[in-house]
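J.: Sequence:
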Amino acid sequence: MEALPRERLLVLAGCDDASLSDLERLQIITPGVTGYAPSDVSRLRLILALRDSGIGLDVLAEGLKRQIFSFEFASQLIFEPVTMSEAAVSVEVTAGQLNLDMLNALRANASLPLLQADQLLREDDVEFIQLVAECTQLGASAAGMERVLRVFGHSVRRCVDTMRDLFRGEVEEPMLNAGLSYHKLLEISAAKRLALQRIGFRILFLLQRRMLEEAVFDYIVGRLQDALREHGLESGDEASLPAVAFADLSGFTGLTQEIGDAPAAEKAARFEAIAQRLSRSFDGRIIKPLGDGVMMLFPDAASAVEASLFLVEQSRSDELPPVRVGVATGQVVPRDGDIFGRTVNLAARVSALAGPSQTLVCFNTRAAAEASARGLAFQGLGAVSLKGYRDSVPLFSAQRAG
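For the sequence shown, my numbering assigns the number 1 to the initial residue and increments by one for each residue that follows.
These aren't lab readings, by the way, just hints derived from the structure by calculation.
The structure presented is a predicted model; accordingly, all values stated were derived computationally and were not measured.
Where a beta carbon is used, it is the ideal one built from N, C-alpha and C, also for glycine.
A hint or two may mislead.
[Claimed, not checked] Using C-beta positions, here's what the derived DEER-type ranges look like:
id, residue 1, residue 2, range
1, V33, Y182, 22 to 32 Å
2, A215, L46, 32 to 42 Å
3, V33, A215, 50 to 60 Å
4, Q379, A215, 35 to 45 Å
5, P334, A195, 19 to 29 Å
6, L46, V171, 16 to 26 Å
7, D118, Q97, 14 to 24 Å
8, V151, M175, 33 to 43 Å
9, R270, K65, 44 to 54 Å
10, R400, M175, 44 to 54 Å
11, G251, A195, 35 to 45 Å
12, L112, P356, 37 to 47 Å
[As the list claims (entries may be wrong)] Distance condition first, Cα-Cα at most 20 Å in a straight line; then the derived EDC-like pairs of lysine to aspartate or glutamate:
id, residue 1, residue 2
13, K192, E72
14, K267, E319
15, K288, E319
16, K288, D338
17, K184, E72
18, K192, E170
19, K184, E172
20, K192, D161
21, K267, E170
22, K192, E172
23, K192, E80
The task is simple: from the sequences and hints, build the whole structure.
T.: Given below as C-alpha cells:
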C-alpha cells in the first residue's frame, strides 16, 4: 500500500503534531523511508487511547523495549476500521439542516459521546449525521428517533460486550493458561479477532433482517385482518389474549455467596439459554433478561404454562437452582421492545409468591389454559393479598394432568 505523509496520518488518527513527535522521540512509533504505513493509523489511535487512559508514554516505551508487548497487532484491531475525517461538526450539521442540541440528544440516547461545533468528526459520525438528516426529511420526529436509538444503543452494547467477553474467555484465556506470553498472545489472537468480528457483524445483520421480516409480516397481517373485519369479511372473534411469565432461580443470592460471582453468573446464563430455547418452542420469546431471571411473552395462556412447566423441569435436569414462575394473562402495552401494563405487574407479583420448582398462575390464566384442552391441571391455593391490588387475587398452582 502507498505510504502516508505525516500530515495525512495526523488527520486520519486525530493526532496533533507535538504528540506524534513525542512518540517518535521515544521510538514508540517510527516512520518508514517513504512515510508511514496505513496500519500506523490504527496503531497511533491505540497508543493515544493508552496515553489518555493514564499510561505514561515512558512506560509504554519501556514495555516495548523489554518486549513485554508490541504494537504489530494494532493493524488487526477492528473489522473495517474507522478513521477521522476532515469534516467539522458545524459544517455537517448545517448541511443536514439539523440542530446540534437535537443531534446530541439523539447521540446521548444511543450512548454516543456528545459533539462540539468546532471538532472534527470520525468517518462513521459523518454518516450518522447524514442518516439522521435523511430520517428527518422522511418525517421522523426527534422523539421517535430517540426511542429507536435508545433501544439500539442498549441492545448493541450488550451484543458487543458479549462478543468481547467470549473472545477473552474462549480465545485468550486458554492461551494464557497454556503459558503464552502477552506479546505472543496479542500477535496470535489478532487474526482470530478480525475473523470473529466479521462473522459476528454478519450474524447480527442476518438476525436483525429475519426478525424485522417476521415483525413486518405479523403487523401487515393484523392490519389486513382489521380491514376485512370492518367490511364484514372476517370473523370478529378476538385472538387469544397474550400471557406474561416471570421466571427466576430460587435462592440465587445465597448461591452467589456460596460458589462465587463468576460460577453463579454462568448458571444464570445457562438458565437464560434454556428459557430462550423453550419459549421459542412455544411461540413465545424473552422480552428481557433480569439477571437471575427472565420475562417472557407468549401468544396464549396454555403456551405460557406449558413452557413454564418445561422450564422448571429442564432447569432441574441441568442441575440449576430450583426455578419459580408466575404467569398472568391479559392485554399488554408494547413499547420500544418492552411490555408494560397490569398484566405484566400481576405476573411479577405472582412470581414473587411462587415457591421453588412451582408455577403459579392467576385466574384468567387458569381459565384460558383449561379451555385449550392441552392436558394441564391446576390446584387452587385460595386468594392472596398482593401489593398494589385492592382485592385479594386467587392463585393456582399449575401442573400436567395425570
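J.: Next, verify each hint and record whether it holds.
T.: Here's how the hints hold up against the structure:
1. For V33 and Y182, the Cβ-Cβ distance of about 30 Å falls inside the hinted range of 22 to 32 Å, so the restraint holds.
2. For A215 and L46, the Cβ-Cβ distance of about 39 Å falls inside the hinted range of 32 to 42 Å, so the restraint holds.
3. Separation of V33 from A215 is about 56 Å and conforms to the stated range, judged on CB atoms against 50 to 60 Å.
4. At about 38 Å, the CB distance of Q379 to A215 agrees with the hint of 35 to 45 Å.
5. At about 37 Å, the beta-carbon gap between P334 and A195 misses the expected band of 19 to 29 Å.
6. Checking the proposed 16 to 26 Å range against L46 and V171 shows it holds: the Cβ atoms sit about 19 Å from each other.
7. Against the hinted window of 14 to 24 Å, the Cβ-Cβ separation of D118 and Q97 comes to about 19 Å, which satisfies the hint.
8. Checking the proposed 33 to 43 Å range against V151 and M175 shows it holds: the Cβ atoms sit about 36 Å from each other.
9. One distance hint, 44 to 54 Å for the beta-carbon pair R270 and K65, holds here, with the actual separation near 45 Å.
10. At roughly 48 Å, the beta-carbon separation of R400 and M175 lies within the given 44 to 54 Å, and the hint holds.
11. For the hinted restraint 35 to 45 Å between G251 and A195, the CB-CB distance of approximately 41 Å keeps it satisfied.
12. Here the CB-CB span from L112 to P356 is close to 43 Å, well matched to the stated 37 to 47 Å.
13. Straight-line distance between C-alpha atoms of K192 and E72 comes to about 15 Å, which keeps the hinted pair within the 20 Å bound.
14. A threshold of 20 Å between alpha carbons decides the hint, and for K267 with E319 the separation of about 9 Å falls inside it, so the pair holds.
15. Distance restraint check for K288 and E319: the Cα-Cα separation of roughly 23 Å exceeds the 20 Å cut-off, and the hinted pair is therefore not satisfied.
16. Only pairs whose Cα atoms come within 20 Å are accepted, and K288 paired with D338 is accepted, the gap being roughly 7 Å.
17. The suggested pairing of K184 with E72 holds, with an alpha-carbon distance near 11 Å, which does not exceed 20 Å.
18. At roughly 11 Å between alpha-carbon atoms, K192 and E170 fall within 20 Å of each other, so this suggested pair holds.
19. Proposed proximity of K184 and E172 is supported: the alpha carbons are some 11 Å apart, at most 20 Å.
20. Among the hinted pairs, K192 with D161 is consistent with the structure: their alpha-carbon atoms are about 17 Å apart, no more than 20 Å.
21. A distance of roughly 17 Å separates the Cα atoms of K267 and E170; the hinted pair therefore holds under the 20 Å criterion.
22. Among the hinted pairs, K192 with E172 is consistent with the structure: their alpha-carbon atoms are about 10 Å apart, no more than 20 Å.
23. At roughly 14 Å between alpha-carbon atoms, K192 and E80 fall within 20 Å of each other, so this suggested pair holds.
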